[in-house]
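Generate coordinates for the entire structure from the input sequences, incorporating the hints supplied.
In terms of the working numbering, the sequence shown opens at residue 197 and continues consecutively.
Calculated directly from the structure, the hints in this document are not laboratory data. Ideal Cβ placement from N, Cα and C applies to all residues, glycine included. Mixed in with the good hints there might be a few duds.
Cut-off 30 Å, straight-line C-alpha distance, at most; resulting in silico cross-link-like pairs (BS3-like, lysine-lysine) [said to hold, decoys possible]:
1) Lys238 / Lys368
2) Lys690 / Lys703
3) Lys395 / Lys368
4) Lys238 / Lys265
5) Lys314 / Lys351
6) Lys351 / Lys368
7) Lys314 / Lys238
8) Lys260 / Lys238
9) Lys351 / Lys238
10) Lys317 / Lys351
If you anchor each label on the Cβ, the simulated ranges turn out as follows [as the list claims (entries may be wrong)]:
11) Gln346 / Leu563: 49 to 55 Å
12) Asp399 / Ala349: 29 to 35 Å
13) Arg704 / Arg376: 52 to 58 Å
14) Pro705 / Leu583: 28 to 34 Å
15) Arg704 / Leu534: 38 to 44 Å
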Amino acid sequence: MIHKLLLAAALCAAGAAHALTAEAARAIASGESDARIEALNKAVSAADDRTAAFIQALSDDAVKTSGDKVFIVRGDQASDPVTGAAASMPADAEDVVNNNRMRGEIDSALSALKLFSKDAKMRSVAIAELAKDPDESRLPLIEQAYAAEQDGAIKEQLGLIRAQALLTSSDKARRLEAARLLSASRSPSTRSLLTQRMKEETDADVQSALQASLRTVEASLAWSERAAAVFSGISLGSILLLVALGLAITYGLMGVINMAHGELMMIGAYATYFVQGLFRSYLPGAFDWYLVAAVPVAFGASALMGAVLERGVIRFLYGRPLETLLATWGISLMLMQLVRTVFGAQNVGVENPSWMSGGLVIGNLQLPWNRIVIIFFAFAVLFGMALLISRTRLGLFVRGVTQNRAIASCMGVNTARVDTYAFALGSGIAGLAGCALSQVGNVGPDLGQAYIVDAFMVVVLGGVGQLAGTVYAALGLGVLNKFIEGWAGAVLAKIAVLVFIVVFIQKRPQGLFALKGRSAEA
197 MIHKLLLAAA LCAAGAAHAL TAEAARAIAS GESDARIEAL NKAVSAADDR
247 TAAFIQALSD DAVKTSGDKV FIVRGDQASD PVTGAAASMP ADAEDVVNNN
297 RMRGEIDSAL SALKLFSKDA KMRSVAIAEL AKDPDESRLP LIEQAYAAEQ
347 DGAIKEQLGL IRAQALLTSS DKARRLEAAR LLSASRSPST RSLLTQRMKE
397 ETDADVQSAL QASLRTVEAS LAWSERAAAV FSGISLGSIL LLVALGLAIT
447 YGLMGVINMA HGELMMIGAY ATYFVQGLFR SYLPGAFDWY LVAAVPVAFG
497 ASALMGAVLE RGVIRFLYGR PLETLLATWG ISLMLMQLVR TVFGAQNVGV
547 ENPSWMSGGL VIGNLQLPWN RIVIIFFAFA VLFGMALLIS RTRLGLFVRG
597 VTQNRAIASC MGVNTARVDT YAFALGSGIA GLAGCALSQV GNVGPDLGQA
647 YIVDAFMVVV LGGVGQLAGT VYAALGLGVL NKFIEGWAGA VLAKIAVLVF
697 IVVFIQKRPQ GLFALKGRSA EA
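Written out as structure tokens, the structure is:
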């Protein structure tokens, strides 16, 4: 029946459009399959909006008949398919039953109508549907659409589908042409298609052409896959950087082994979830901006919790690393249980704003917007933290207390207050990391446990107390992990990275960047 659909497409493209008639609707909805299919093809050849709506209703099983009357039924409302006006449906109306053959013809008719739609998005949808089954029988329809298409990107997609359809041809010359055309593709699906066809092809010449095209496609995809691995590594590295920045203060500058750092991240993530709920309930029109409001809330919630922990527990344990480790580990368990009690043990859903949905498409490489935003966010936090530490009065006090607490105290610095501010700052940055993580993964009571070890490794590898080292270590470990993961799998990649860090620290205990001056020996 494809030649009839071709006629339909040609007439639609030429602009011939006539109204659906009651007789045509009745012929399509009732009778034997052959007669219904013939009526369907005639209707497609003179399709208008009413025809398209009626065929879509058939596909949705939303058509009923009663005698010589046909109705489209949506919910409790019935309408006339010809006029679109509301209609009273008789009690004896029966559902239209479509067998598999009829459904296939209806789907083909819908694809034909969409392929010649004035809406470019609708044509793209039709092309995606055709790509699922690019057999030779659809070639006339595809070629007609290819000739009529004006959009360059859509025309390129149609050309690829045409080549894929040619691969199924019984004509050797057509299959050779298809192999040549597909060599220009940059799609992983084309690689899979060529690999599959090579197994099924019996002609040596065609198989050789397919193999040559496959090599070309694989060479093109290799660069895209490397670029994707680098982007994934930078994305992972930016998350590790956000997580480790807080530790760079609490552990790197203050020397506190804070095992509850992951739970401070978790608090930031749940604060984001809480703000999302407020916007959904009270400001639904501004929902896309909830994340902007959640950033300071996440920072404040985690910073406040950090200040409470420092004043209530940690200030009594300075200089006693083992006791600090055990105490903060116990606090982490308490915080997890508190969250389970308040929010439940199950993960909660945090949605991306619409402006973070989708991705940036470069060739066949898609870069998710949420990952891109997090990368920029991580470096913005790094820049702000560097300015605060190096250019502000608080930063000066933190550096002074870190380097020589006794002298700083003699100079009139309230060292206890500086400790609280510094710990609250590190905890607040952990909250920002939790806010960012809520946009790329699940938010649950165990959120922090997945990152705490990696964060400590980043700080130790970069050099204790060195922000530059933290940056290099986070991005380096992220990219290294993704490249090894693509080669050996996620588990072996983790093991390999851990082994690398252990060996590196054995050879260079001070990390990538060592503290300079007498403070290094303090």
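Hint check:
no., hint, verdict
1, Lys238 / Lys368, "34 Å, violated"
2, Lys690 / Lys703, "20 Å, holds"
3, Lys395 / Lys368, "16 Å, holds"
4, Lys238 / Lys265, "19 Å, holds"
5, Lys314 / Lys351, "14 Å, holds"
6, Lys351 / Lys368, "25 Å, holds"
7, Lys314 / Lys238, "21 Å, holds"
8, Lys260 / Lys238, "21 Å, holds"
9, Lys351 / Lys238, "27 Å, holds"
10, Lys317 / Lys351, "13 Å, holds"
11, Gln346 / Leu563: 49 to 55 Å, "28 Å, violated"
12, Asp399 / Ala349: 29 to 35 Å, "33 Å, holds"
13, Arg704 / Arg376: 52 to 58 Å, "54 Å, holds"
14, Pro705 / Leu583: 28 to 34 Å, "30 Å, holds"
15, Arg704 / Leu534: 38 to 44 Å, "40 Å, holds"
Violation of the numbered hints given earlier is confined to hints 1, 11; the remaining hints are satisfied by the structure.
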